[in-house]
Amino acid sequence: MQYNWFDRNLKWIYTMPAVIFVLVMMVFPILYTVRISFFEWSMSAITPPKWVGLDNYMTLLKDTRFWGAVRSTMFFTVAALAVEVVLGVAIALLLTRDFRGKNVMKTIFLLPMVSTPVAMGLVWQLIYEPTIGAANMLLKAVGLKPQLWLASPDQAISSLIIVDVWQWTPMIALIVMAGLATIPTDPYEAADVDGAGRWRKFISITLPLLKPTIMVAAMLRLIDVLKTFDIIYATTQGGPNLATETLNIYGYVLGFQYFKLGMASSLLVLFFALVMGLTIVMIWMRKRMEGRYE
Amino acid sequence: MKRFRKLCMLTGIWTLLVSVLATGCTGISYSGDKNGELAQPFLGKTITLVTANHPWADAIRPLLPEFEAATGMNVIIQGFFEDQLTQKLTLQLTTGSATPDVFMYRPLQEGKLFYKNGWLEPLDDYAREDAEYAYADFSGEAIRSATVDGKLAGIPVIMEQEILYYRKDLLKKAGIPVPDTIEELISAVRKLHDPDNGVYGFIARGQRSPLVTQVSSFLYSEGGDFTNGQKATINTPEAMRAFSIYGGLLRDYGPPGVINMSWPQASAFFAEGKAAFYTDANSIYKSAIDPARSNISEHIGFASFPAGRSGTRFYNITSWGLAMNPRAVDKEAAWAFIRWATSKEIVLETQRKGNPGARYSVWNMPGGTEGFPKEMVEVIKQEGAGGVDHDRPTVVNVAEARETVGEIVQRVITGDPDLQQAADKANAALQAILDKEAE
Chain U
1 MQYNWFDRNL
11 KWIYTMPAVI
21 FVLVMMVFPI
31 LYTVRISFFE
41 WSMSAITPPK
51 WVGLDNYMTL
61 LKDTRFWGAV
71 RSTMFFTVAA
81 LAVEVVLGVA
91 IALLLTRDFR
101 GKNVMKTIFL
111 LPMVSTPVAM
121 GLVWQLIYEP
131 TIGAANMLLK
141 AVGLKPQLWL
151 ASPDQAISSL
161 IIVDVWQWTP
171 MIALIVMAGL
181 ATIPTDPYEA
191 ADVDGAGRWR
201 KFISITLPLL
211 KPTIMVAAML
221 RLIDVLKTFD
231 IIYATTQGGP
241 NLATETLNIY
251 GYVLGFQYFK
261 LGMASSLLVL
271 FFALVMGLTI
281 VMIWMRKRME
291 GRYE
Chain D
1 MKRFRKLCML
11 TGIWTLLVSV
21 LATGCTGISY
31 SGDKNGELAQ
41 PFLGKTITLV
51 TANHPWADAI
61 RPLLPEFEAA
71 TGMNVIIQGF
81 FEDQLTQKLT
91 LQLTTGSATP
101 DVFMYRPLQE
111 GKLFYKNGWL
121 EPLDDYARED
131 AEYAYADFSG
141 EAIRSATVDG
151 KLAGIPVIME
161 QEILYYRKDL
171 LKKAGIPVPD
181 TIEELISAVR
191 KLHDPDNGVY
201 GFIARGQRSP
211 LVTQVSSFLY
221 SEGGDFTNGQ
231 KATINTPEAM
241 RAFSIYGGLL
251 RDYGPPGVIN
261 MSWPQASAFF
271 AEGKAAFYTD
281 ANSIYKSAID
291 PARSNISEHI
301 GFASFPAGRS
311 GTRFYNITSW
321 GLAMNPRAVD
331 KEAAWAFIRW
341 ATSKEIVLET
351 QRKGNPGARY
361 SVWNMPGGTE
371 GFPKEMVEVI
381 KQEGAGGVDH
391 DRPTVVNVAE
401 ARETVGEIVQ
411 RVITGDPDLQ
421 QAADKANAAL
431 QAILDKEAE
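Heads up: the sequence lines are chains U and D, in that order.
Quick note on numbering: our numbering labels position 1 of the first sequence as 1, and the sequence is numbered without any gaps.
Quick note on numbering: our numbering labels position 233 of the second sequence as 233, and the sequence is numbered without any gaps.
If we strip away everything but chain U, and leave its shape as in the complex, we get (with noise of 0.2 Å):
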């Protein structure tokens, strides 16, 4: 009797964890967020959140640090995944050749990844500190001015967006490497016999066969690269002069900072539609593209 309860509700059953952990742990904050942006509350225990309506996103489209943190977080986005995206796969390309000291090499380019992004953080704020700094002391051995890097409100985002590329180009690498392994020999076979160049295969073969793996990549990195937090929080906290905010960090200043708890929440809001936007569009280009070479 009882099993035959079971057997009929068995997909209900088995998903039902899934589902409660998504509801519970996602889909229930989402909505609170949406909810909070609606008010103004200090987290206070005596004045209860205030109903402001749109005020908050009213505020925000006219506040110029706004509109300043869209633009670093778009620039660094932007920056960075298209520096990661062509030297992953350029170096994704030189590890699948064949030499010697391959599996080495291998190894070394994927120790970034594994670092731990605070750590590297900090480490990296030494190696660009103006005065002891190794990336001066490195300019100074080729007789190129001292450069301020993270101290400078012009350089600070690129002096970011390094570290970014530093430490993400071998994920970047490590997927493409992967969509390599998987394109098969005989296009390359029948091109030889057509008297193709080097070049030619890589544009007319490797490349479009490695579209779709590309773009995956390039849609995980996006992803996090938009909410990049650690390494800006760690290195510079949005500064100097609000050079290095983004988003991220202003939602964390807004909220933990300023105890603006609703003006946070709107933010966060704007910031999803931002981030489903983009990846709606990545998407999009995808299947383009596939469609295109299937």
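No lab work stands behind these hints, which were simulated from the structure alone.
Backbone N, C-alpha and C fix where the C-beta goes; we use that ideal spot for every residue, glycine too.
One thing to keep in mind: the hints can contain errors.
[Unchecked claim] Selected chain D positions facing chain U (Cβ under 10 Å, derived; list incomplete):
{"#": "1", "residue": "Asn117"}
{"#": "2", "residue": "Pro255"}
{"#": "3", "residue": "Gly257"}
{"#": "4", "residue": "Met261"}
{"#": "5", "residue": "Gly273"}
{"#": "6", "residue": "Lys274"}
{"#": "7", "residue": "Asn397"}
We have chain U; now place chain D onto it with these hints.
For chain D alone, coordinates are given in the frame of chain U:
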């Protein structure tokens, strides 16, 4: 059989889920022995104390068993890093938790917000009604720092003033006396600035928010303040002069990259012998003279904050206090602990270990000063009475107000050509914070 296996698997999944959810987070806790045959008024009671990872907590920890033996109380103590402490307290107090019963907090940073949010029990009645406690013995500035809306929101534990750290050897070599005024300080900094030989003239905090407390003494000494009643005053000529002096010193005579330095970096820089002058709180002197960093620690001198156009007006504030959770189950027990921890005897003990306390009488006891360098004691005694009772804008939203002020100084450091415009904008932002809070 198959069905049985399915059932087993099902049970397994659920057990796993429940056990994962049920695994709570447990903090590191310490509790001393609780025995002793004295009359123990709080026998069997337990209170939770949450502290910052601060030398004061290290000093109080070994004294707890004695308190527990005398009262029969069991004290659970948990320590957190500064940033985490605020988050931990915020979360716990928001949910209306009865613990921690007693906690360390930063009156000027969080006091107003915490009080407004109903997270701090007013302690006036406890402290004033108790003649033995000698409430009048506390420094007036310290008490004012810890007072919100006329109520005592916490008991001062650590006091600090801004002082001038300097290199005796460099001054002596150049034949320069210790500067008494900001003017003299600027000219001394200029003379000793020698980056080619690894010594910068001046170092202090350059990071946006952390610098605000240290520029405050410059601001007061030049005749300004962050606010005047309900009016923001950070674009006045006095304020502009103070910000230009502080930011200018860092820009022209500070190391490159100073804009990213808070006190840990700045004090380390000074301790390594790379700067001639350094202004910061006296309470961090141990980092500034850290003998492990270099061999110049013996050459470090301490002086009172130099005088500006309006005289010597340094901040003199409570940087850490002890507060009681209004939802604590046993407030008598919580007060008994605060009373003990801030009594003359215990303040003497913690002060011996280098924690500058807020009780006058302890500074006049022979043991009260032995935790500090002799010169420093002179400065503290001199600065201990008087001064300004705040070192940052006294608003509810301190964090935002600090960043607003800090931006002006950072613009001085980066050499913004249109400073007045930036200051006017910042002033309007600070005014908006004040107006919002006055509503």
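Consistency of the hints with the structure:
1. Asn117: holds, 4 Å
2. Pro255: holds, 5 Å
3. Gly257: holds, 4 Å
4. Met261: OK, holds: methionine 261 of chain D within 10 Å of chain U, min 9 Å.
5. Gly273: violated, 13 Å
6. Lys274: holds, 8 Å
7. Asn397: holds, 6 Å
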